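A.B. asks: Each chain is listed here by its residues.
2 protein chains.
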Amino acid sequence: MAKYKEVAEDMQRKIRAHAFGKKLPTEKELLEMYSVSRNTIRSAINILVKQGYIHKIQGSGLYINKKTIGDRNVLNLAVKIGLSRVLPEHSITSKLLNFGLISADKKLASNFSCDIGTPIYRVKRLRFIDNHPLSIEDSYYNKNIIKYLNEDIAKNSIYSYIENDLKLEIRFSDEYISVKPLTDEECEHLNVQKGSSSLMIREINYLKSSIIFNISETLYNNDQIVLYTPVQRD
Amino acid sequence: MAKYKEVAEDMQRKIRAHAFGKKLPTEKELLEMYSVSRNTIRSAINILVKQGYIHKIQGSGLYINKKTIGDRNVLNLAVKIGLSRVLPEHSITSKLLNFGLISADKKLASNFSCDIGTPIYRVKRLRFIDNHPLSIEDSYYNKNIIKYLNEDIAKNSIYSYIENDLKLEIRFSDEYISVKPLTDEECEHLNVQKGSSSLMIREINYLKSSIIFNISETLYNNDQIVLYTPVQRD
DNA sequence: ACACATTTGTCCGTATGTATC
DNA sequence: TGATACATACGGACAAATGTG
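Chains as they are written, first to last, in the numbering used here: chain L, 108 to 341; chain U, 108 to 341.
Think of the hints as simulated: they come from the structure by calculation, not from any bench. Computed from a predicted model, the values in this text were never measured in an experiment. The beta-carbon is built from N, C-alpha and C at its ideal position, and this holds for glycine as well. Be careful, since some hints might not be right.
[Said to hold, decoys possible] Calculated lysine-lysine pairs in the DSS-like style (CA-CA distance at most 27 Å, straight line):
{"id": "1", "chain 1": "L", "residue 1": "Lys315", "chain 2": "U", "residue 2": "Lys157"}
{"id": "2", "chain 1": "U", "residue 1": "Lys274", "chain 2": "L", "residue 2": "Lys163"}
{"id": "3", "chain 1": "L", "residue 1": "Lys129", "chain 2": "U", "residue 2": "Lys214"}
{"id": "4", "chain 1": "U", "residue 1": "Lys157", "chain 2": "L", "residue 2": "Lys130"}
{"id": "5", "chain 1": "L", "residue 1": "Lys250", "chain 2": "U", "residue 2": "Lys174"}
{"id": "6", "chain 1": "L", "residue 1": "Lys110", "chain 2": "U", "residue 2": "Lys213"}
{"id": "7", "chain 1": "U", "residue 1": "Lys287", "chain 2": "L", "residue 2": "Lys301"}
{"id": "8", "chain 1": "L", "residue 1": "Lys214", "chain 2": "U", "residue 2": "Lys214"}
{"id": "9", "chain 1": "U", "residue 1": "Lys174", "chain 2": "L", "residue 2": "Lys173"}
{"id": "10", "chain 1": "L", "residue 1": "Lys129", "chain 2": "U", "residue 2": "Lys287"}
{"id": "11", "chain 1": "U", "residue 1": "Lys250", "chain 2": "L", "residue 2": "Lys163"}
[Said to hold, decoys possible] From the derived model, a few chain U residues whose C-beta atoms are all more than 12 Å from chain L:
{"id": "12", "residue": "Lys135"}
{"id": "13", "residue": "Ser201"}
{"id": "14", "residue": "Lys202"}
{"id": "15", "residue": "Gly207"}
{"id": "16", "residue": "Ile209"}
{"id": "17", "residue": "Lys213"}
{"id": "18", "residue": "Pro240"}
{"id": "19", "residue": "Lys250"}
{"id": "20", "residue": "Tyr255"}
{"id": "21", "residue": "Asp272"}
{"id": "22", "residue": "Asp291"}
{"id": "23", "residue": "His296"}
{"id": "24", "residue": "Glu310"}
Using the sequences plus the hints, can you model the full thing?
C.D. replies: If you want it as structure tokens, here you go:
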């Protein structure tokens with residue numbers, strides 16, 4: 108892995124472990140700690156800023172954002188590629204609602220930018236955080252890219268399977284957030300009051316070279332989660 | 108303004124004007140066009156990536172993301188500091204629902220990280236996009252920082268007043284997204300069916316030096332808008 | 001109010017690695 | 001395979017904001 112990414116990950120670990128106080132060491136101290144150049148340490152720092160871990164004050168220092176890190180009820184969109192990564196302190200489990208291999212119809216093909224008839228895995232899961240129902244995820248994987256999936260993998264983290272076993276690199280995603288009234292069945296799954304609405308995130312996920320390997324629609328339990336995102340003015 | 112920011116803005120303008128095709132010129136061509144160094148052009152490019160204008164493919168080039176730019180129904184969170192900036196192609200107007208000067212109670216003081224009793228402007232507005240009701244914004248401004256506001260300013264863009272007239276620099280914000288059932292009055296304002304729910308964004312806005320000058324809660328009309336955010340894996 | 005040291009921000013140049021075509 | 005194009009990393013110089021005395 109690139110140096111600046113390794114440094115960033117180490118700094119994140121230290122922040123989560125409260126190894127620093129309210130402030131990070133200065134750039135100068137950090138580049139000495141990690142034996143890298145100033146540009147490299149600044150690349151690492153910028154990742155932390157983008158993900159909402161810290162904010163910078165010119166002339167003063169690097170300050171840790173206390174609030175949103177490690178809170179079960181806060182889902183940080185800036186880090187949100189796969190659930191397990193966003194909430195590493197919590198146990199994410201799944202109940203499989205549907206698993207199958209289908210063939211892309213016109214709409215799916217359009218969303219995937221693939222040919223009609225392309226084989227697609229469909230995985231619908233009820234997901235739990237620390238045993239509380241968190242979300243209903245309806246997800247589609249392009250089988251030409253994700254060659255093999257099964258129910259066992261789907262019960263666990265599909266994303267860690269893709270990254271660790273298939274060695275594919277997930278690069279970026281587009282997220283569309285809206286509100287959807289829930290059906291009675293969905294309310295039961297999520298254990299919320301009938302007639303309520305929920306946050307829905309439509310997601311398009313890309314490998315490197317901008318290959319779409321996955322699209323999904325997820326309904327979140329409002330009682331369990333608030334979305335968070337930091338925004339930097341450039 | 109910094110060179111890389113000027114370059115980024117110019118590139119954004121060109122993208123919005125469809126001055127490039129599907130691809131941007133290469134880094135090398137761009138740095139020659141703008142007479143800047145490679146680092147500078149790359150800083151500018153990274154802004155466009157972060158804001159969802161383009162994506163990069165190593166070895167191939169810089170590709171323009173068609174979909175989300177200039178769409179009235181898509182509110183790009185990565186650019187969302189003030190509404191007028193996010194949707195420059197559209198007319199944003201406001202109807203003032205409430206305007207007043209109040210004194211920070213315990214809760215407001217805590218949210219603002221200021222003393223109890225600090226003077227605070229409250230501005231509640233119904234906002235329209237191209238004359239369609241878009242959102243109900245309930246907003247608070249710390250008078251110690253934003254020294255003067257009036258109803259006239261509030262009817263127009265408060266953010267452009269802050270930046271252009273007061274010459275204050277808005278630096279970053281924290282956004283919390285959830286779902287809220289609407290009251291009948293809110294439904295009428297937004298012209299949506301009674302009993303429906305809406306996206307709510309709680310926002311904390313900072314000047315440089317991490318000074319909180321504004322917090323707000325905004326209810327969005329789901330019929331008019333979908334939130335969008337690009338996420339880069341680092 | 002001023003001068004000074006500290007700390008982050010911007011910009012430049014160069015070299016080499018990696019992915020795509 | 002070679003050429004092209006983006007990615008990573010190092011080094012140095014000066015500017016701007018902050019904090020201190």
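A.B. asks: Could you work out which earlier hints the structure fails to respect and list their numbers in ascending sequence?
C.D. replies: Hints 6, 8, 9, 10, 24 not satisfied by this model.
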